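From first to last, the protein sequence lines stand for chains L and Z. Residues in the first sequence are numbered from 58 upward in steps of one, following the numbering used here. Residues in the second sequence are numbered from 18 upward in steps of one, following the numbering used here.
Just so you know, these hints were derived from the structure itself, not from any lab. Hints may contain errors.
Capping the alpha-carbon separation at 20 Å, the derived lysine to aspartate or glutamate pairs in EDC-like fashion look like this [to be verified]:
no.: 1; chain 1: Z; residue 1: K223; chain 2: L; residue 2: D362
no.: 2; chain 1: Z; residue 1: K223; chain 2: L; residue 2: D236
no.: 3; chain 1: Z; residue 1: K461; chain 2: L; residue 2: E383
no.: 4; chain 1: L; residue 1: K386; chain 2: Z; residue 2: E363
no.: 5; chain 1: Z; residue 1: K309; chain 2: L; residue 2: D236
no.: 6; chain 1: Z; residue 1: K168; chain 2: L; residue 2: E172
no.: 7; chain 1: Z; residue 1: K190; chain 2: L; residue 2: D361
no.: 8; chain 1: Z; residue 1: K168; chain 2: L; residue 2: D236
no.: 9; chain 1: Z; residue 1: K223; chain 2: L; residue 2: D361
no.: 10; chain 1: Z; residue 1: K190; chain 2: L; residue 2: D362
For clarity, every value in this text was computed on a predicted model and none was experimentally measured.
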Amino acid sequence: MVGESLFDFKGSPKSIEALSEVVREASTIYYGGFVSREYRRPSRIRQYAELDQKLLLLDDLEWLAPPKRREEARKSVERKIDDLRTALGDTSDWGNVKPLRLRHSLRQILSYQPEDQVITVGSRISIQDLQKALAEHGQCLPFAEAGFYSRISSLWTVEESLAMNLPHNLEAQCGNWRDWVLGMKVILPDGTVVTCGSRAVKNVAGYDLQKLIIGSRQTLGIIAEVTLRTLPVAARPSPNVQEFPENRKEKWPRAEPLWIQRTLRTDFPEAIKAAEGKLLEVDPASCTLWARVDANNDLPRFADDWVLRTKCGERNVQFTNPTYLEFMKRIKQVFDPTNKLNPGEFGF
Amino acid sequence: MVQELHDLLGADSVLSGVAIERVYDCDAYTVDRSKPACVVLPSTTEDVAKVVKWCNQNDVPFTARGAGTGLSGGSMPAMGGVVIATKRMTEILEIDVENRCLLAQSGAVNARLSDSVKQYGLHFAPDPSSQSVSTLGGNIAENAGGPHTLKYGVTVQHILGLTLVAPDGEIVKLGGRVAGGPGYDLLALFVGSEGTLGLVTEAWIKLTPLPTVIRTILISFPTVRAATQTVADIIATGTIPAALEMMDKGILNALSAAFGLTYPEGTEALLLIECDGDDATTVDEEIETVRKICESNGSSSIATAATDAERAKLWKARKSGVGAMGRLAPSVVTHDGVIPRSKLPEMLDHVYAVAAKHQIGVANLFHAGDGNLHPCFYFDDRDPKQVESVVAAGEAIIRRCVDLGGSVTGEHGIGIEKSDLIGLMFDEPSLDLQRRVRDAFNSKALCNPCKILPSQKGCTEHKRRWRGTAW
Ligand SMILES: Cc1cc2nc3c(=O)[nH]c(=O)nc-3n(C[C@H](O)[C@H](O)[C@H](O)COP(=O)(O)OP(=O)(O)OC[C@H]3O[C@@H](n4cnc5c(N)ncnc54)[C@H](O)[C@@H]3O)c2cc1C
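Work the whole structure out from these sequences, hints included.
Structure follows, in structure tokens:
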């Protein structure tokens with residue numbers, strides 16, 4: 058089931074059971090398109106090596122890329138793995154670490170009731186494919202076509218997108234994954250498969266664990282199936298984003314170091330002013346801005362605001378409320394007591 | 018116990034005695050009852066923290082209570098102990114019009130929140146039918162919905178920040194005035210946790226602009242099936258009304274008896290439908306679409322509200338429905354289940370069949386647009402046989418909801434009522450995960466014990482005593 062060699066796709070589990078077996082066997086799993094910060098932490102990785110751990114990389118970049126760009130995607134995966142090698146400080150010998158790479162192919166539409174506006178899919182379905190299927194019935198997930206940065210996550214798979222739950226430009230009008238996901242099947246790090254939420258459009262039975270998984274960056278469980286509520290295309294408003302292509306520096310938009318910030322309405326004009334020359338996009342409806350800010354720089358912060366960054370290692374996500382962090386750790390301990398999934402992603 | 022709590026909060030903040038035991042032994046779900054040892058009335062977050070710490074030191078269970086309108090026994094003190102009632106925590110602390118949010122204490126009544134910002138053209142969107150009495154804390158704990166949930170979403174979508182007293186007595190703040198943010202969505206975990214993960218003392222709520230154009234119609238149908246089919250058809254077209262509520266003959270009879278409201282001859286069901294927005298043309302188009310669907314299903318008469326006063330009149334039937342049922346029998350149990358909307362016609366047939374089989378009266382008024390059923394059984398809870406029938410009939414209905422791909426509860430919560438039925442939706446590993454999450458915050462199980470999860474330690478023993486203790 059599990060491949061031995063780095064570049065072999067020996068494992069391509071097609072069922073939840075098969076995937077859960079792989080998950081159970083691995084001792085550390087790096088997972089997701091937005092790769093864990095942990096890659097940049099040699100000491101931690103060496104520690105795993107000493108512990109004779111099995112390292113599992115679940116990655117689908119190659120498959121996801123359109124045929125033209127598949128080669129490029131493969132290179133990018135290789136680059137990530139090179140990062141790992143560098144981190145280990147030894148390019149020839151992996152020590153006891155056994156990096157395994159596999160993809161899972163749970164990407165089918167499992168059931169769709171257009172009349173109820175509810176669909177269940179394998180988590181690895183691309184959002185594009187999902188939108189296509191929904192469009193046949195005049196329905197959609199309310200992502201807009203406008204704005205590159207504010208719709209980045211609509212270019213991924215359902216799983217990656219909901220695991221990151223990045224802001225998007227119809228959020229103020231149509232909500233985000235938290236509002237669209239009705240239920241999930243999740244594989245816990247020990248291989249147990251659990252159901253969270255339901256298939257009903259309204260449900261308050263038990264604790265809403267599916268909402269914890271949304272935005273958890275694959276640190277709590279591996280999402281296998283997702284049930285979503287859909288929106289009639291006719292009810293999807295147009296976004297009102299402003300873009301600033303002149304401030305882009307990188308050839309590939311995703312290569313920009315991103316600073317995503319949401320503030321109070323009253324602070325937003327000042328936040329925009331402070332980001333002048335760096336702005337990539339602005340969504341006035343949700344008071345969110347996307348700017349190009351590298352790791353050596355910061356923009357001003359405002360009351361009650363929050364910031365998400367990329368390419369800043371430890372500083373990609375920072376929690377200013379210690380209780381929040383402490384409560385998050387408690388939850389991580391419940392779901393993933395051995396810290397198997399994307400360790401370090403949130404700084405623990 | 019009472020003396021020590023007096024010392025903590027002052028004598029006028031602690032209530033006990035036979036009358037108090039009777040008032041606080043249940044909520045609006047009267048089938049199960051359990052007496053508190055005493056009731057405290059804190060005024061501030063710090064007061065609540067003091068009480069919770071004292072309970073921890075003395076291993077005394079405690080249960081939060083808002084207005085007690087809950088319909089699943091959530092605020093019933095299952096193991097006795099202290100009821101912490103938020104009656105005196107009713108302040109609206111800050112209104113931030115520009116940022117469209119408001120900070121209130123958890124005992125503030127839902128309707129007051131909206132009333133306080135109406136002048137700014139804003140409102141708090143969750144509007145449970147109990148909104149004239151139910152509290153913000155109770156709405157948060159139950160993740161309450163309401164008629165306008167269909168378009169505006171349930172409580173969790175309107176909560177920005179919380180101040181909590183955690184089950185160990187620690188004061189904790191989560192979120193603030195800005196929605197979203199990185200990390201695990203703790204707000205979404207606490208909202209809807211039925212008071213088992215701590216007590217909410219204050220909350221920042223989101224304020225939503227009031228729509229400028231509202232069209233409301235009340236439509237009469239010659240059969241229940243025609244009405245339910247209409248609901249399914251409206252949803253299938255993709256139109257999203259602001260509200261889509263249904264009432265059947267049982268409710269109409271109660272309303273006639275209680276308030277003298279009359280309906281056209283031959284009415285078996287009514288749909289109350291509201292469309293809203295800021296653009297009159299769009300809203301009119303929506304209502305027109307809806308009207309056509311109604312007509313194609315044989316709707317027999319239509320009343321349209323042109324003014325606010327007329328609108329209020331049309332809503333009166335919906336809002337007074339449960340109250341009116343008080344005329345029919347000493348007790349009413351309002352059930353709560355959800356089904357996919359396309360299954361409404363067959364589900365309602367099932368509800369009537371079950372009621373007939375168990376020989377109990379049933380009336381239905383519910384949030385049809387969400388597929389959220391509320392069969393109301395009316396009976397006499399002094400007769401243990403009737404109580405048994407009501408429980409059995411409820412279970413038969415809930416089981417069918419799950420079989421049809423729905424949920425055992427859409428808004429009233431699991432509480433005590435459905436802690437044995439939640440297993441219909443989740444297998445043991447899934448329930449175990451929920452249990453472990455609960456324990457991560459409520460490790461001593463003192464905070465609202467015996468709720469939500471089945472067969473909890475110490476609760477099974479108590480259970481026998483809850484049921485059938487009506488007076
Ligand atoms: C006629 C009628 C109509 C109703 N209509 C609706 C409806 O349309 N939609 C709907 O969702 N519900 C409805 N309900 C149910 C009920 O009104 C809601 O669940 C409401 O949110 C309960 O609020 P409450 O203040 O009465 O809370 P209570 O009944 O006092 O408590 C409910 C739960 O919340 C907990 N709780 C209360 N305060 C706090 C706090 N500060 N911190 C933590 N936990 C707390 C309690 O422990 C308990 O578990 C209706 C009830 C009635 C009687």
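Outcome of the hint check:
1. K223/Z / D362/L: Between K223/Z and D362/L the Cα gap is close to 15 Å, so the pair holds against 20 Å.
2. K223/Z / D236/L: Holds, because 15 Å separates the two Cα atoms, which is no more than 20 Å.
3. K461/Z / E383/L: holds (18 Å)
4. K386/L / E363/Z: violated (46 Å)
5. K309/Z / D236/L: violated (30 Å)
6. K168/Z / E172/L: holds (17 Å)
7. K190/Z / D361/L: This hinted pair holds, its Cα atoms lying about 12 Å apart.
8. K168/Z / D236/L: holds (12 Å)
9. K223/Z / D361/L: Holds - the C-alpha atoms of D361/L and K223/Z are around 14 Å apart, at most 20 Å.
10. K190/Z / D362/L: holds (15 Å)
Taken one by one, the earlier hints fail for this structure at numbers 4 and 5, listed in ascending order.
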